[in-house]
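From first to last, the protein sequence lines stand for chains B and D. Start counting the first sequence at 1; every next residue gets the next number (my numbering). Start counting the second sequence at 1; every next residue gets the next number (my numbering).
The hints are simulated quantities; they were obtained by calculation from the structure and are not laboratory data. Just to be clear, a hint being listed does not mean it is correct.
Unchecked claim - In silico EDC-like cross-links for lysine to aspartate or glutamate, where the CA-CA straight-line distance does not exceed 20 angstroms: (1) D:Lys521 to D:Glu495; (2) D:Lys408 to D:Glu468; (3) B:Lys93 to D:Glu32; (4) B:Lys72 to D:Asp39; (5) D:Lys81 to D:Asp193; (6) D:Lys24 to D:Glu52; (7) D:Lys310 to D:Asp253; (8) D:Lys350 to D:Asp253; (9) D:Lys467 to D:Glu400; (10) D:Lys408 to D:Asp306; (11) D:Lys115 to B:Glu100; (12) D:Lys408 to D:Glu466; (13) D:Lys366 to B:Asp44; (14) B:Lys72 to B:Asp44; (15) D:Lys115 to B:Asp91; (16) D:Lys112 to B:Asp92; (17) D:Lys112 to B:Asp33; (18) D:Lys414 to D:Asp463; (19) B:Lys72 to D:Glu32; (20) D:Lys112 to B:Glu68; (21) B:Lys93 to D:Asp39; (22) D:Lys414 to D:Asp193; (23) D:Lys452 to D:Glu52; (24) D:Lys414 to D:Glu256.
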Amino acid sequence: MSDFLSGKVTKRMLFATVLPFALVTASIQAMADGQWGSGKNLYDKLCGLCHAPNVGVGPVIAGRGLPEAYIKSVVRNGLNAMPAFSASYIDDKSIGQVTEYLSSLPTPATQP
Amino acid sequence: MAEQNSAVLPRGAVREEFNNAIEKFRALLGGENVLVNADQLAPYNKVMMSVENAAHAASAALTATTVEQVQGVVRICNEHKIPIWTISTGRNFGYGSAAPIQRGQVILDLKKMNKIIKIDAEMCYALVEPGVTYGQLYDHITENKLPLMLSFSAPSAIAGPLGNTMDRGVGYTPYGEHFMMQCGMEVVLASGDIYRTGMGGVKGSNTWQIFKWGYGPTLDGMFTQANYGITTKMGFWLMPKPPVFKPFEVIFDNEEDIVEIVEILRPLRISGTIPNSVVIANVLWEAGSAHLRRSQYITEPGHTPDPILKKMQHDTGMGAWNLYAALYGTQEQVDADWKIVVDAFNKLGKGRIVTQKEAGDTQPFKYRAELMSGVPNLQEFGLYNWRGGGGSMWFAPVSEARGSECEKQARLAKRILHKYGLDYVAEFIVGPRDMHHVIDVLFDRTDAEETKRADACFNELLDEFEKEGYAVYRVNTRFQQRVAQSYGSVKRDVEHAIKRALDPNNILAPGRSGIDLDTYKKA
Ligand SMILES: Cc1cc2nc3c(=O)[nH]c(=O)nc-3n(C[C@H](O)[C@H](O)[C@H](O)COP(=O)(O)OP(=O)(O)OC[C@H]3O[C@@H](n4cnc5c(N)ncnc54)[C@H](O)[C@@H]3O)c2cc1C
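Bound-form chain B, shown alone (with noise of 0.2 angstroms):
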């Protein structure tokens, strides 16, 4: 695991979100796992750079309720201008997380 991803950072963005026992546990476990540590952390270090909905070069993907297979098809083998990724990039647990994410954060406002 690279240093950022055990970096304080991670931890410290877990720990701030208030979650049921249960759910903080889960997320502990998930960033063992899986290679970004959170679906927050992929998405906000990663998608969210050209998906984010303030950033406008790719579609938006939050709160579209997109399913895992659908995104981890265009990750792993990318579309026009959306780079592929390798699983030792991100990982698939990292996709499911970041799946996940994207279903909890509120639809956009307008579709694109």
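Based on the hints, put chain D with the ligand in the right spot on chain B.
For chain D with the ligand alone, coordinates are given in the frame of chain B:
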């Protein structure tokens, strides 16, 4: 164990021999680090070039996590004559992405070797493994409140210093010429030996990341844009974070203004008044990164006519050329330099100066300021929304930082691109004495006819520029062999003599920069 169903084989390889090598890779790395299934290999095959993906399909991909494993991979490759293509973070978009130069090469993916081995905040350097990203370094620096600043390529958040430097990439800060700031490499040679450049060979030395040259021949450059070794560690210098950072833009309305811009800039760059690798972006580069789309202005195919570019300028306030630069230092230093800069442009009587205060959070000023101050983003991917379709090849000839030369190149490139119905989307970057004239040959890769046109266009750009004595500083994998020819036969002979000496089995990235023992002179 992953099922072996890769349909692709390395050039000249026999299936059984290849399978034997794969079995040895599995024993060395573990089955999960030897990828041969089509779905596992797909991410390595997403290219943006004017050629079908199949031409750059890998036969397998290996992920290694230690230097010993890299040595083991090299040993097996020698035993079975398997060619490997090494990537670090593999984000070489528009230059070949993560795909190998030749169909069938085995990718050695070092993304999982991602330790920041050391950052020395006093001596201002870092030593990293290949898989470390700029984003990761940024987080580390921020989290630990280190008084340091990064310099990176525009795909900053996801690209990495080692891979970028191995391709002699550039950034936008005073440390923007990245290979210049590299200090000390560890390289696994085809023999399996581990070679450390500079002071790295001296037992107990603490100056590996301090003093570049070491003693005797200094070979670091030989490993960049080359296939003589696999770099497993790299040191590079970091700029101390300045107390004051002052980004600014100067907007010029006319295409011809490039002559005066470059003339006024050169002395400011050479004297160090403007210390960073500046950018002079043309209207279409600006448009792409500010979210304009071609379809908003024109639906006809072909290049975008000049009157429309003028209309875009009129609608948005963008210039025909948009210069981005910054000042760094104490308030006193920045104030003094700012006066010199403002006086210079005032004297010229052209160019609207925009400061951060005036620009606020608008794009593209915001992302440009971030790139010049080491804050990662991916805003420049907006370029791909201009035309759509995901085709991109950088045509990047080197120009003298002389106004007349930059203008001559700009005119030549634009004429050729328009002939093929493509746009001139360009920026001049780096300096002080040279300008990397970086042109994004954007095309719709989902359109076979346009892809073919882009391919012909790129060939003509190379040919016509060569006739004028110009050549590119770097190129995508489709055209590396072609560009090698521009640089002369003696250079190629020397490069192949080195290759024979260091890698007689031709296992390391054959074809890289046109160096390939199997095809050289046989052609
Ligand atoms: C919108 C956009 C803007 C861009 N802007 C810039 C820019 O400002 N500046 C710039 O330089 N580029 C730019 N690029 C091009 C490219 O994306 C970057 O240069 C990127 O940093 C390269 O990818 P990487 O860092 O992941 O390196 P990698 O892809 O890992 O490596 C690049 C190449 O170096 C060689 N290599 C890698 N690792 C090793 C190793 N360990 N040993 C030996 N050889 C190795 C391989 O040939 C590899 O293909 C841009 C691309 C896009 C799409």
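The hints, checked one at a time:
| no. | hint | result |
| --- | --- | --- |
| 1 | D:Lys521 to D:Glu495 | holds, 13 angstroms |
| 2 | D:Lys408 to D:Glu468 | holds, 10 angstroms |
| 3 | B:Lys93 to D:Glu32 | holds, 15 angstroms |
| 4 | B:Lys72 to D:Asp39 | holds, 11 angstroms |
| 5 | D:Lys81 to D:Asp193 | holds, 18 angstroms |
| 6 | D:Lys24 to D:Glu52 | violated, 31 angstroms |
| 7 | D:Lys310 to D:Asp253 | holds, 9 angstroms |
| 8 | D:Lys350 to D:Asp253 | holds, 9 angstroms |
| 9 | D:Lys467 to D:Glu400 | holds, 16 angstroms |
| 10 | D:Lys408 to D:Asp306 | holds, 18 angstroms |
| 11 | D:Lys115 to B:Glu100 | violated, 28 angstroms |
| 12 | D:Lys408 to D:Glu466 | holds, 13 angstroms |
| 13 | D:Lys366 to B:Asp44 | holds, 18 angstroms |
| 14 | B:Lys72 to B:Asp44 | holds, 18 angstroms |
| 15 | D:Lys115 to B:Asp91 | holds, 18 angstroms |
| 16 | D:Lys112 to B:Asp92 | holds, 15 angstroms |
| 17 | D:Lys112 to B:Asp33 | holds, 15 angstroms |
| 18 | D:Lys414 to D:Asp463 | holds, 14 angstroms |
| 19 | B:Lys72 to D:Glu32 | holds, 19 angstroms |
| 20 | D:Lys112 to B:Glu68 | violated, 24 angstroms |
| 21 | B:Lys93 to D:Asp39 | holds, 16 angstroms |
| 22 | D:Lys414 to D:Asp193 | violated, 48 angstroms |
| 23 | D:Lys452 to D:Glu52 | holds, 10 angstroms |
| 24 | D:Lys414 to D:Glu256 | holds, 13 angstroms |
Consistency note: the structure conflicts with the earlier hints numbered 6, 11, 20, 22.
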